[in-house]
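Bring the two chains, given one by one in their own frames, into a single complex with the hints.
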Amino acid sequence: MAEKEVWITGVGLLSSLGEGLDAHWEALGARRVNADEKRLAPYVIHPIAPVSFDAQIPKKGDQRQMEAWQRIGTYAAGLALDSAGVKGNQEILSRMDMIIAAGGGERDLNVDLAIMNADAQGKLPPALLNEKLMNELRPTLFLAQLSNLLAGNIAIVHGVCGTSRTFMGEEASSIDAARIAVARIGAGQSDIALVGAAHNGDRGDLLMLYAFGDLALKDQHSSVWARRNNPGFAIGSAGAFLVMESREHAEARGAKPYAKLTKVVADLARRKEPGAVTKSLEALWPQLGVSGDNGILITGATGAEPATAEERAFLSQHAGFAVRATGTTFGHTMEAQFPLGLALAALSISRGALYPANDPTGLEVEKTEAPTQIVVLGVGHWQGEGMALVEAVS
Amino acid sequence: MTAPRDKFGRPIVVVTGMGIVTSLGGGKTDNWKRLTAGESGIKTVTRFPLDSLKTTMAGAVDFVTVDPFSSTSLSQRLAEIATEEALEQAGIGSKGDFPGPLFLAVAPIETEWPQRLEVAREVPTKDFGIIEYLATCSGGKFAHFHRRFTFGSVALNLAETFGTKGSPISLSTACASGATAIQLGVEAIRRGETDATLCIATDGSVNPEAMVRFSLLSALSTQNDPPQAASKPFSKNRDGFVMAEGAGALVLESYDAAMARGARILGVVAGCGELTDSFHRTRSSPDGKPAIGCVRKTLADAGMEPEQIDHINAHGTSTPENDKMEYLATSAVFGEHTKNIPVSSNKSMVGHTISAAGAVEAIFSLLTLEHQRIPPTINYEVPDPAIPFDVVGNKARDAKVTAVMSNSFGFGGQNASLILTREPA
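Chains as they are written, first to last, in UniProt numbering: chain A, 1 to 394; chain B, 1 to 425.
Hints may be right or wrong, so weigh each one.
To be verified - Estimated spans, in silico, between C-beta atoms of each pair:
hint	chain 1	residue 1	chain 2	residue 2	range
1	A	Ala309	B	Lys141	20 to 26 Å
2	A	Pro58	B	Pro68	42 to 48 Å
3	A	Glu248	B	Ala260	43 to 49 Å
4	B	Leu217	A	Ser291	50 to 56 Å
5	A	Gly275	B	Phe8	42 to 48 Å
6	A	Glu136	B	Gly27	37 to 43 Å
7	A	Glu248	B	Glu193	17 to 23 Å
8	B	Thr161	A	Glu248	39 to 45 Å
9	A	Arg270	B	Lys33	35 to 41 Å
10	B	Ile131	A	Glu91	46 to 52 Å
11	B	Thr161	A	Asp293	26 to 32 Å
12	A	Arg32	B	Lys141	37 to 43 Å
Read the hints as simulated data drawn from the structure, not as lab findings.
Here the structure is a predicted model, which means the values were calculated and not measured.
Backbone N, C-alpha and C define an ideal beta-carbon position, used for all residues, glycine too.
This is chain B alone, in the form it adopts within the complex (with noise of 0.2 Å):
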């Protein structure tokens, strides 16, 4: 018998296992409740004081806690509790054993605030300088922070904890990362080299400093009150996007290796593409051209054909530029069956989870299509007239489908679109 292989000859990528945490909630069943009862997760910052913040909302997940406090600890916990979800559905490998790779996407990692302050604190001259700075960081009183604060920490500590085989990768495409790192293992699984691989994007990343940075570049919508309107896509007043944290972790399988275990097969990655944009390190090219390309290039490593694709899982950030460049490069691809396609946008209720965005929302599409039943984009109150998306406004939708788009566009040119089917085409 010849192996199951895509119109390309390429093994198939189905996923087996699938966890998230959102500001909604943890686990996939909380998470999809809410998600289509269009829950918002919004909501006014309590873990820092918000004086002279432009922007005071979030969805920040509270309901997990790390001490000390730490984003990075965050992150690492967040991708802790989507994995377990994520493992003990595929049932694969053992405990603290998975028999593949790890491909993380995570938020840049530095030392934070509440760290610098307290070493600050035990310098011994006032007015110092770093170099004073410097040594009371160094004599082994603040070991742990080089442990903690190294870009590999997260990835290091959860191959250890997972068992995941060979060099974990970290990576960052902005916020097209969760996809980039279910891309790379899509790619590692059609190469051959392995059966199976974890795929997790995390962030937790709602601090004062990451705030500041992103209101800075003006990037975040002010709409802060009430804090669960403040993320509309597709609306005409729409002024930004909202911080998120989340995690989501999927394993990824080839249909052989999965069919032999007699693992339950979720959905398959039918298709991923990427294309660089170069006009700008904030703003897209306004003509959509590469997020077109993009587009396209996932539709033809998948072998499909637009028509095929019957929802779109928007990359609907909520800012001004981004939501009418989607719409501008999906119609040039879709042409006159963009009004057939259903879009909506999963950041209207959970936010931007930022790092892990492309991962979450690739749950999100793979969970429509379990479900057969479109989340809703919420707060669609005023119709952009520009952006004439069929959109799935305030309520879920019942739908027949069979191939999802998911989009993600970042900082630095970064996009990134994955296809998402129910069965190996």
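This is chain A alone, in the form it adopts within the complex (with noise of 0.2 Å):
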């Protein structure tokens, strides 16, 4: 049975850089990298943009109950389907189905820093820990942590009413999640999908598990491609969402595409083996169906080691193509790294242009042709890779 047609009907973008595609656009074209070196010194990050979370999320009380990543998701929902005319559509909404990529959302780091003092000071005794807990955790902030209250929070404020999953697991996560719901709506399983992810990188306790593995960029913002002496990754805020639908949907209702969802593979290497990565890359590719070798790529791309060099080295292979990478820009958006990736390549698509290239050290080209066909690519940190193809509806 030939497997239906998948449009991207509705993209919504909450970053560092502003929010709505007019505003990323204009961003993007003017190179502009809203990086903080200092606040949480001597890690960089990208904290999300001032914004008024009441357009979106109306209810104040809904907003209490979320945490910041939640906000920016919900926001970033809201946005994505607003630019696909389902907001407030009851019939369709109470059918969409929603897959998710979230990890865990913000600790209360005074309660937590507190106990810590307390014990390295020796005074917390193994019962005291209850203690504090019990009388110091906010009962509501359980909910603002559990991934799938992401997920939770966006049917509450929007609606979103079919299916709801949470993928966990980083950034293969929503390269799973744009995965799956490409291939049940191709598969007749599903008419229309909410696919994305948030990420709020303006947190301490989330620094914590990669200070363990030394992966966080310190000192100074730099191109993801300039870091082979200063490895790392500035972690970045971005909500992205995309509404994914069926041709035959969209066209029933009579909605336009940015772009068109080919192909969404995705593998885990082992990665005990050098080259491993590399080596994954290479056999994805040809399941895309990529036409010629001088097309446009927009790669997730880290900064991290070892699995930056070997993303390198399966770009050099592919050397013909215009490369820009996420990371420089909007830092490592991790479970949002996939769909902010997706989102720029619809946008590009849509807009008939892809956006200039933000890198010193030349490994991006500039690219003046209307694209036709984009890659999206995405290699985690520590597992997991995939790759996408966005393509201009014909």
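Structure representation (structure tokens):
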């Protein structure tokens, strides 16, 4: 049975550059980067741009029930629904499927630090941990932390109520979210889906995990391609959401596509072997159906090693491609890495141009022709890799 | 010869291997024996001090140990044990080479308290803030904590151990996670992407912070004494769920592939359904509409009529709200037939295995079909008159069971149901 064509009919973006597609297009064109080297110095982060959440999350009570990552995601999801023209359309929303890629939410760092300091000073007998947690954790904080509660909030605020699935697992979770959504729509198991992720990089508690692995960028912001002597990722902030639907479904309701999402593939390289990522990407490439060797590729390359060096080895085999690294501009948005790439690909195709390069090393080159195909690439900083082909609708 | 398909022309999805660990024990044989004998796995927690806690019991799996302890490592170990049992029964692939993808239901992961404190003790400054703390985190001494506490770590390790194919999916739909893992596997086989999937659901979350968090939401039973009597689904004096640990693993295959290799078919996943509730973050819509829709979608997916369901393996958490809502939703869909359906909740004995519950209960449902015997709902001493289910109270019941509906409802408006049958329809 022929697979159905999958269109991207809605795109919602909120990031360190601002909100909405026009603001992003303008900022990308101006090569703007909003990085902060001071707030959590020595760590470099990209905080979310100032935004009034009321526009997409009208009830203050709802906003209070969420932490920043959920507000970012719920906001961007609302933008995507608006852009697809389905906001408030009960009939469609009640059967819209949702696949969210999520990590966990903000912890109460003050409570954590008080407990850790007490323990370090020998003032925390084991029994006291319970007491501190019972007395000091806000009851509703749990709900702001649970991975599946981003989807829960999107259901409550926007009424997206078909199926709701939350994938976890850093970068790979969002590649798989897109892959499963496309497979389901392609096979007729779903007509329309909301796919995306949210990440808040302005979090000391989150940095802990990446500090363990010495993976977070310190001191100075630079292009991801210029970090050989100071590797690492600058944690980014973004909500990136897409409305995907079958061509038939979109045409029946008169929806205009930004682009079509032809294929999403993913794998799990056994990274204990050097070169495994390069090999895995080489094996995925022919499955995409890329035509020609001088196309465009938007990558979420993180700047962390050895993953980025292995990705570069792969890119060097496709040297005719105009590459754009979202990591330089947005930082590494982890679960949002892949939907951000998809969003920028769809945006570029819909605007008939690729935005300018932003890379002093010269790996990224200018491209003037209107794009008809864009490859989106995602390599996890520690595990998982995948790619997608986004194309102009013919 | 045309390949056997279901009435919608899709590949039929069968179960060829099952493995289980709960607070009742390891393996199907032990679990089934103790479950049908009405035994409880709920005990007073001994893993950590209980001072200041309102709830002091759980269905912790203490006979499996991991060192150093973390809930994440325990979740992984429980998943490994269940998967080994499932693969041995299925006899599929070869050791470390499973011929299909992995769908893993697992609790959200974060660095846990013992590890946080281990780092804290090494911070050189007094009254440190996050930046000083982060400086101690880095430098490579604690690199293994990154490997352990990334969200994808359990799936990565399981994928490497069992040699599953492609990108493994870790998922959380709260208390419905186990059912969602099965649902994703069913969909992949129906799409014809693969002949086999490994669906695992695991939870090893009995730790102080998790208990505190659920306790602060007033979700847990506080009837600590005796612990075995705390979980009492459908009883008037129920007051909350009991946290528990466990894992369930299922090998799903297309009927064709299973027949072609001469595998023993343990049951059929005839239908799956899901519908989101947008009412509230922790509470179900009081009119039960989303749960009703979920059950109807599941029947429709299986192409079955309500009258064909002859047993419900209930979500039955023993919280005041869930059990009432579950009756409301069930009676709305099944109408007059409701009273003919024996209903039971495994959680009365094993507790609520949270992320694992959907898979654990699917396995118990399949064992119910195999043995034609319905496990009891224990502690059913004071029936709630508002829930006039035919509860299989306190003693297992022999019954003709051809199709079981297994329900899972969770925080965040997650509703998922499965229909399991003995034979292809």
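Are any of the numbered hints broken by this structure? If so, which, sorted upward? 3 and 11
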